[in-house]
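One letter stands for each residue in the lines below.
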Amino acid sequence: AQSVTQLDSHVSVSEGTPVLLRCNYSSSYSPSLFWYVQHPNKGLQLLLKYTSAATLVKGINGFEAEFKKSETSFHLTKPSAHMSDAAEYFCVRTDSWGKLQFGAGTQVVVTP
Amino acid sequence: GAVVSQHPSRVICKSGTSVKIECRSLDFQATTMFWYRQFPKKSLMLMATSNEGSKATYEQGVEKDKFLINHASLTLSTLTVTSAHPEDSSFYICSAREGLARYISSTDTQYFGPGTRLTVL
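Residue numbers (this note's numbering), protein chains in the order written: chain E, 489 to 600; chain X, 197 to 317.
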C-alpha cells in the first residue's frame, strides 16, 4: 500500500538548535511530496514541495527537505529553530489520482 | 497569492440542525476543491472532492446525504452538515487546487483554508 510514515510523533528542540523531522514514503512510482505546517486551530500552510526536479528543496522560513529515492525518505530540516516554529508538521504525498495522503503528523515544541 | 478562506471560522449548533460552511478561493479560480475533516491531535482525512459544475466525489465511508457539497462557481464550494449530531463535531478544512484543468495532477499544489471548528451540542 502507498503510505507516508512520520517517524516521530513529537520533537522537542531548543531555540537556535537544528530541527529534523523524519518522513518515509512508500510508492510504486515517483511521487510528489510536500511538507505542510499547521499552527493551533489554523489551516495548513505549504512549506515546500518536491515534484521530481531538484532533490534538495528549499522552502519558506528557512526549511528545506531532501528527496532520497534510495532511502524513500523526505526529511525536513531547519538549521536553527525559532519559537514561532512550534506547530504540527505534516509530510504529505499524492496518490495516483492526485489526492493527498497525510502522515500522522509531528508535533514540534521549541523551548527557550 | 493563492489564498483560501473559510466561513464561519467557528460555529456552535444544536443537534438536529444543519450547518453550512463556505470555502472560497480569493485570488484564483479552482475547478476542484477538497473537504477534509480533522479530529483532535489527528491527521487530516479526505472526505470528498468538490468539482465545479458537477457532483462531488465522496471517499469511502463518508455519507453523501449527510455531508452535502455544492461547487456552483469557480471560487466557491460549500459543505452542509445536515441533521448534525455531536459526533459530527470536528475541525473541517477545505483546500483548493489552483487551475481550470479538470484532471488532477500529482504535481498540483493544494492551498488550504484556515478551517472551521464545528461544535454540535
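Simulated from the structure, these hints should not be mistaken for laboratory data. The reader is advised that the hints may include incorrect statements.
[Stated by the list, open to error] Restricting the straight-line Cα-Cα distance to at most 25 Å, the calculated cross-link-like pairs of lysine to any residue (SDA-like) are:
no., chain 1, residue 1, chain 2, residue 2
1, E, K556, E, S514
2, E, K587, X, F287
3, E, K530, X, D223
4, E, K546, X, L317
5, X, K260, X, A198
6, X, K237, E, N529
7, X, K238, E, H563
8, E, K537, X, K251
9, E, K556, E, Y517
10, X, K237, E, M571
11, E, K557, X, L272
12, X, K237, X, E294
13, E, K556, E, D583
14, X, K260, E, D583
15, E, K587, X, L317
16, X, K237, X, T271
17, X, K238, E, V499
18, X, K251, X, T271
19, X, K238, E, A574
20, X, K238, E, A541
[To be verified] Here are the in silico distance ranges between beta carbons for each label pair:
no., chain 1, residue 1, chain 2, residue 2, range
21, X, P204, E, K587, 33 to 41 Å
22, E, G550, X, S279, 25 to 33 Å
23, E, H570, X, E283, 47 to 55 Å
24, E, H570, X, R206, 42 to 50 Å
25, X, L270, E, I548, 21 to 29 Å
26, X, R206, E, S558, 15 to 23 Å
27, X, R206, E, Q533, 16 to 24 Å
28, E, S500, X, S269, 40 to 48 Å
29, E, T493, X, T253, 21 to 29 Å
30, E, P506, X, G212, 24 to 32 Å
31, E, G504, X, S250, 31 to 39 Å
32, E, H498, X, Q256, 25 to 33 Å
33, X, N266, E, S584, 26 to 34 Å
34, X, L270, E, S502, 31 to 39 Å
Here a beta-carbon is modelled for each residue, glycine too, at the ideal position from N, C-alpha and C.
Hints, verified against the model:
1. K556/E - S514/E: 12 Å, holds
2. K587/E - F287/X: Holds, at roughly 19 Å.
3. K530/E - D223/X: 20 Å, holds
4. K546/E - L317/X: 44 Å, violated
5. K260/X - A198/X: Judged against 25 Å, a Cα distance of about 28 Å means the pair is violated.
6. K237/X - N529/E: Roughly 11 Å separates the two Cα atoms, so the pair holds.
7. K238/X - H563/E: 20 Å, holds
8. K537/E - K251/X: 29 Å, violated
9. K556/E - Y517/E: This hinted pair holds, its Cα atoms lying about 14 Å apart.
10. K237/X - M571/E: It holds: about 20 Å lies between the C-alpha atoms, which stays within 25 Å.
11. K557/E - L272/X: Given that 25 Å is the threshold and the Cα spacing comes to 38 Å, the pair is violated.
12. K237/X - E294/X: 28 Å, violated
13. K556/E - D583/E: 18 Å, holds
14. K260/X - D583/E: Holds. K260/X to D583/E sits at ~22 Å (cutoff 25 Å).
15. K587/E - L317/X: With Cα atoms ~32 Å apart, K587/E and L317/X exceed 25 Å; violated.
16. K237/X - T271/X: Not satisfied, since the Cα-Cα distance of roughly 30 Å exceeds 25 Å.
17. K238/X - V499/E: Judged against 25 Å, a Cα distance of about 16 Å means the pair holds.
18. K251/X - T271/X: 16 Å, holds
19. K238/X - A574/E: 17 Å, holds
20. K238/X - A541/E: 31 Å, violated
21. P204/X - K587/E: 33 to 41 Å: 26 Å, violated
22. G550/E - S279/X: 25 to 33 Å: 47 Å, violated
23. H570/E - E283/X: 47 to 55 Å: With Cβ atoms ~38 Å apart, the hint is violated.
24. H570/E - R206/X: 42 to 50 Å: 28 Å, violated
25. L270/X - I548/E: 21 to 29 Å: Hint holds: Cβ distance 27 Å, inside 21 to 29 Å.
26. R206/X - S558/E: 15 to 23 Å: Cβ of R206/X to Cβ of S558/E: about 46 Å, so the range 15 to 23 Å is violated.
27. R206/X - Q533/E: 16 to 24 Å: For R206/X and Q533/E the Cβ distance comes to about 19 Å; the hint holds.
28. S500/E - S269/X: 40 to 48 Å: 45 Å, holds
29. T493/E - T253/X: 21 to 29 Å: Given range 21 to 29 Å: holds, Cβ gap about 27 Å.
30. P506/E - G212/X: 24 to 32 Å: 52 Å, violated
31. G504/E - S250/X: 31 to 39 Å: Taking Cβ atoms as reference, G504/E and S250/X lie about 51 Å apart, which means the hint is violated.
32. H498/E - Q256/X: 25 to 33 Å: Holds, since H498/E and Q256/X (Cβ atoms, about 30 Å apart) stay within the stated range.
33. N266/X - S584/E: 26 to 34 Å: 27 Å, holds
34. L270/X - S502/E: 31 to 39 Å: Since the Cβ atoms of L270/X and S502/E sit about 47 Å apart, the hinted range of 31 to 39 Å is violated.
The structure does not agree with the numbered hints 4, 5, 8, 11, 12, 15, 16, 20, 21, 22, 23, 24, 26, 30, 31, 34 stated previously, though it agrees with the rest.
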